[in-house]
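The working numbering numbers the first residue of the sequence shown as 2 and each following residue consecutively.
Derived by calculation from the structure, the hints in this document are not laboratory data.
There is no bait here: all hints are sound.
With a cut-off of at most 20 Å between alpha-carbon atoms, the simulated SDA-like pairs for lysine to any residue come out as follows:
id : residue 1 : residue 2
1  : Lys-123   : Ala-113
2  : Lys-80    : Thr-103
3  : Lys-91    : Val-65
4  : Lys-101   : Asp-133
5  : Lys-101   : Pro-130
Here are the computed distance ranges between Cβ atoms for each label pair:
id : residue 1 : residue 2 : range
6  : Glu-84    : Phe-17    : 55 to 65 Å
7  : Tyr-112   : Leu-28    : 38 to 48 Å
8  : Lys-91    : Ile-29    : 32 to 42 Å
9  : Gly-78    : Ile-13    : 51 to 61 Å
10 : Asp-82    : Pro-19    : 52 to 62 Å
11 : Val-116   : Ser-52    : 18 to 28 Å
Predicted model, so just to flag it, every value in this text is computed and none were measured.
Every residue gets a Cβ at the ideal spot worked out from N, C-alpha and C, and that includes glycine.
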Amino acid sequence: MLIADQELESGIHIDFVPMADVLFNLLIFFLLATTIAQVEREMQIALPFASSGGPISAALRELVVNVDADGSIHVSGRKIDAEALRAIVKEAVAVNAEQKVTVRGDRTTAYANVVAVLDICKAAGIQQPYLDTILTN
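With these hints in hand, go ahead and build the complete structure from the sequences.
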């Protein structure tokens with residue numbers, strides 16, 4: 002008789018239920034953690050379409066500026082005015098000279114609203130602000 006057969010006859014078995022519980026809890030943790038990290042990208046902004054473009058940079062200290070359909074500016078989930086945006090960007094550039102900024106303008110907002118935000122970013126020292134769009138196939 003083989004050793005494996007002896008173990009089976011003696012009633013020894015491996016219980017996989019606790020391991021499945023741990024894996025399920027890890028899955029829930031990582032799903033929640035990645036959802037919370039995307040707060041600024043989940044605002045209800047209808048981005049314009051583009052046939053080509055680059056990937057969204059995932060820089061650690063990226064600043065995301067959202068421009069609503071009515072032209073209001075949002076940073077970090079709160080509504081601000083142009084002067085507050087200028088102060089935030091200047092402060093970010095003072096800390097990091099290579100600060101990355103992504104501007105997300107609603108497709109129905111006036112182009113002048115997006116240009117005003119880009120102008121504020123350039124005047125505050127951002128070398129290349131990134132204009133976010135949705136890629137089409």
